[in-house]
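Please construct the entire structure, taking both the sequences and the accompanying hints into account.
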Amino acid sequence: MTAKKQKAKSQAASAAVLEKCPTGIRGLDEITAGGLPRGRPSLVCGNAGCGKTILGMEFLLRGAIDYGEPGVFVSFEERSDDLAKNFASLGFDLGSMVKRGLLAVDYIYIERSEIEETGEYDLDGLFIRLAHAIDSIGAKRVVLDTLEALFAGFSNTAILRAELRRLFLWLKERGVTAIITGERGDQSLTRHGLEEYVADCVILLDLRVREQIATRRLRVVKYRGTTHGTDEYPFLIDEQGISILPITSLGLDHEVSNARVSTGIARLDTMLNGEGYYRGSVILVSGTAGSGKSSIAASFAEAACARGERCLYFAFEESPQQIIRNMASIGCNLARWQQKGLLRFHSSRPSLHGLEMHLVTMHKLVMQFQPDIVVIDPISNLNATSSEHEAKSMLIRLIDFLKIRQVTTLMTDLTRGNDVMASSSEEISSLVDTWLRLRDMEHQGERNRGLQILKSRGMPHSNQIREFVLSSQGIDLIDIYLGSAGMVTGTARVTQEAHEKASLKASEQKFAQGLKLYERKKAQLEATIAAMRMEFEATTAEINDAISDEKTRVVAELSDRDRVAASRQADATARPGATGGRGARAKSRP
Amino acid sequence: MKTKAKAKAAASSPMEPDVGRWLLKLYVAGTGSKSVAAFANLKKICEQHVPERYEIEVIDLLLHPQLAKGDQILAVPTLVRRLPSPIRKIIGDLSNTEKVLVGLDIKPITA
Numbered sequence: 185m186t187a188k189k190q191k192a193k194s195q196a197a198s199a200a201v202l203e204k205c206p207t208g209i210r211g212l213d214e215i216t217a218g219g220l221p222r223g224r225p226s227l228v229c230g231n232a233g234c235g236k237t238i239l240g241m242e243f244l245l246r247g248a249i250d251y252g253e254p255g256v257f258v259s260f261e262e263r264s265d266d267l268a269k270n271f272a273s274l275g276f277d278l279g280s281m282v283k284r285g286l287l288a289v290d291y292i293y294i295e296r297s298e299i300e301e302t303g304e305y306d307l308d309g310l311f312i313r314l315a316h317a318i319d320s321i322g323a324k325r326v327v328l329d330t331l332e333a334l335f336a337g338f339s340n341t342a343i344l345r346a347e348l349r350r351l352f353l354w355l356k357e358r359g360v361t362a363i364i365t366g367e368r369g370d371q372s373l374t375r376h377g378l379e380e381y382v383a384d385c386v387i388l389l390d391l392r393v394r395e396q397i398a399t400r401r402l403r404v405v406k407y408r409g410t411t412h413g414t415d416e417y418p419f420l421i422d423e424q425g426i427s428i429l430p431i432t433s434l435g436l437d438h439e440v441s442n443a444r445v446s447t448g449i450a451r452l453d454t455m456l457n458g459e460g461y462y463r464g465s466v467i468l469v470s471g472t473a474g475s476g477k478s479s480i481a482a483s484f485a486e487a488a489c490a491r492g493e494r495c496l497y498f499a500f501e502e503s504p505q506q507i508i509r510n511m512a513s514i515g516c517n518l519a520r521w522q523q524k525g526l527l528r529f530h531s532s533r534p535s536l537h538g539l540e541m542h543l544v545t546m547h548k549l550v551m552q553f554q555p556d557i558v559v560i561d562p563i564s565n566l567n568a569t570s571s572e573h574e575a576k577s578m579l580i581r582l583i584d585f586l587k588i589r590q591v592t593t594l595m596t597d598l599t600r601g602n603d604v605m606a607s608s609s610e611e612i613s614s615l616v617d618t619w620l621r622l623r624d625m626e627h628q629g630e631r632n633r634g635l636q637i638l639k640s641r642g643m644p645h646s647n648q649i650r651e652f653v654l655s656s657q658g659i660d661l662i663d664i665y666l667g668s669a670g671m672v673t674g675t676a677r678v679t680q681e682a683h684e685k686a687s688l689k690a691s692e693q694k695f696a697q698g699l700k701l702y703e704r705k706k707a708q709l710e711a712t713i714a715a716m717r718m719e720f721e722a723t724t725a726e727i728n729d730a731i732s733d734e735k736t737r738v739v740a741e742l743s744d745r746d747r748v749a750a751s752r753q754a755d756a757t758a759r760p761g762a763t764g765g766r767g768a769r770a771k772s773r774p
Numbered sequence: 002m003k004t005k006a007k008a009k010a011a012a013s014s015p016m017e018p019d020v021g022r023w024l025l026k027l028y029v030a031g032t033g034s035k036s037v038a039a040f041a042n043l044k045k046i047c048e049q050h051v052p053e054r055y056e057i058e059v060i061d062l063l064l065h066p067q068l069a070k071g072d073q074i075l076a077v078p079t080l081v082r083r084l085p086s087p088i089r090k091i092i093g094d095l096s097n098t099e100k101v102l103v104g105l106d107i108k109p110i111t112a
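First to last, the protein sequences are chains A and B.
If you read the first sequence in my numbering, its first letter stands for residue 185, the second for the next number, and so on.
If you read the second sequence in my numbering, its first letter stands for residue 2, the second for the next number, and so on.
In case anyone wonders, no lab produced these hints; they're calculated from the structure.
Being a predicted model, the structure only gives us computed values, none of them experimental.
Warning: the hint list may mix true and false statements.
For each label pair, taking beta carbons as the anchor points, the in silico distance ranges come out as [said to hold, decoys possible]: (1) B:G71 - A:G377: 27 to 33 Å; (2) A:G377 - B:G31: 28 to 34 Å; (3) B:G71 - A:S503: 53 to 59 Å; (4) B:V37 - A:T410: 27 to 33 Å; (5) A:D415 - B:L84: 55 to 61 Å.
Once the Cα atoms are required to be at most 27 Å apart in a straight line, the calculated BS3-like pairs of lysine-lysine come out as [said to hold, decoys possible]: (6) A:K548 - A:K576; (7) A:K356 - B:K100; (8) A:K685 - A:K700; (9) A:K283 - B:K70; (10) A:K735 - A:K706; (11) B:K44 - B:K100; (12) A:K639 - A:K576; (13) A:K694 - A:K706; (14) B:K44 - A:K269.
Among the chain B residues that face chain A by a calculated CB cut under 10 Å, a handful are [to be verified]: (15) I74; (16) A76; (17) P85; (18) I88; (19) G93; (20) L105.
Built from N, CA and C at the ideal position, the CB exists for glycine as well.
Encoded structure:
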């Protein structure tokens, strides 16, 4: 228990010791977990033109404006009026800040040619000037840019080094948070080894040019007694100052949504379990050139705008006007959404600037526009300006950023050839939630488009390849004809359908013919039956005639006999009807 | 302050024609050993090589910190030759007479 208490106490104590001074520079405070060590000097080193001065300047400006801490800027390199111009480029009026007592600027100029050294000296002059500047405005922050200029001004480095050590101690004693800038050396962080005096915090800036595109990077080399991001973070300098992207620090614990958003293509929704993509998911549409990637992207964008959502469309291949025109040809009217302000395009060439600049631009636009969906068309071109690894790392950071904001992102990717695995998209496939693949199907001298869902996390989805048809009515997905000839698409499918129709008709005709034949046979039989019936009736009539003739003959005979009997005067029992009576009588006799 | 009074005394010495006038400023911080040594060395050199033709102004930056800016003083002691122009600066306690003479561009009197 006591040990625990002690631990807690020591933690509290260390927290108190490591008080931090927020820089106010976007991203830097996140990397350094709160800012620079308060009341201590920090070293910012880097090559010429990598942004040391601006970093120092912004540190003072943000301090003065956002945190109410006045600052002193001691420049060994730039004159005060040049500095004022530089400050103005960040949107700050140096003159008025000096007047308001927020800032003091001292330009220290050392002209070696007019200085002769003889005997012992010290840098009390510098200390006095600094103290004077600090006291005049009650400064809490100090920037010395670039202290190494002193090495050019004084030849006695033994004295100089001793004085520098004294200066850093003095700054600590004064309790000001200081930034000391230094030029990058060949072997060491700074040309004159300033890092050995500054033990607490060293930040390295770097400007690298690759493929003729420059990228700035920042790294916290050392920060004693605190955790800090150790990676190289890209940063950029624009009209709002420095933006550092500590995006790698983002975790994988963002909120997920169960809501679904329509793809804008009814049949595709059906393929994705009838509802479309998950909100906040990342969709990759990969395919070869001209396979309809942008059309899928545009459909998605239009559907989102139609729902009243905001869409940000990053186009790296086409201008907005061109996209609007082209998409109008498939019945996708994007212009009206742009006019309504629901859709915003941002077109730029991937080679315009480095990946980081793109990332930061996207970052800024997303923060500004607050979109519900983002379309990046295409991501493959970004690879052109840097290595795949860098592009991937940029995409990870972008995706994390968008996912945290619950933005549904659709990216298109141009693949080379139909082999998925050979394409660069394989690299980022693990990052995406839904992966649609558009493929070419060449058959009988024509090329048709096919669409297939390679994966879609967290939902049952169709495993079928659908034929993807673009028409002026929009996008349509059609079942592919599967037959003995294999998959058939396009004209071949149409031919096949016609063929099927024809054979159906033929069999219908054949049936009708058969039916007719039966009818005829039936009629024939009926006729035969009628003829036979007539014969039967004739025979019957003949029989009847014969019977009646016989009767007449018998009667006539009988009457003749009666007449004879009468004439012979025979008794009545001699009649034919009396023969039975005669028999019955004979029977009843025994 | 004591040193400054001394300097004024030197300044009030009889004027020579402007051609050979030496206007010197010595910046010091307090009255430490370096400051005292520098002033003593300077005075000695001036008396020896440009007697009666020099004027030394001693400025104590601890008392007048704002004056450091004007002559771009970092190191102390710093001797600034305002006249004859161009401006020359010598830092250190001026213990090396030869270097001071070169720095001030004074031709030593060989006599």
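Hints versus structure:
no.	hint	verdict
1	B:G71 - A:G377: 27 to 33 Å	holds (32 Å)
2	A:G377 - B:G31: 28 to 34 Å	holds (30 Å)
3	B:G71 - A:S503: 53 to 59 Å	holds (57 Å)
4	B:V37 - A:T410: 27 to 33 Å	violated (47 Å)
5	A:D415 - B:L84: 55 to 61 Å	holds (59 Å)
6	A:K548 - A:K576	holds (20 Å)
7	A:K356 - B:K100	violated (37 Å)
8	A:K685 - A:K700	holds (23 Å)
9	A:K283 - B:K70	holds (18 Å)
10	A:K735 - A:K706	violated (43 Å)
11	B:K44 - B:K100	holds (15 Å)
12	A:K639 - A:K576	holds (19 Å)
13	A:K694 - A:K706	holds (18 Å)
14	B:K44 - A:K269	violated (45 Å)
15	I74	holds (4 Å)
16	A76	holds (5 Å)
17	P85	violated (14 Å)
18	I88	holds (6 Å)
19	G93	holds (4 Å)
20	L105	holds (8 Å)
Consistency note: the structure conflicts with the earlier hints numbered 4, 7, 10, 14 and 17.
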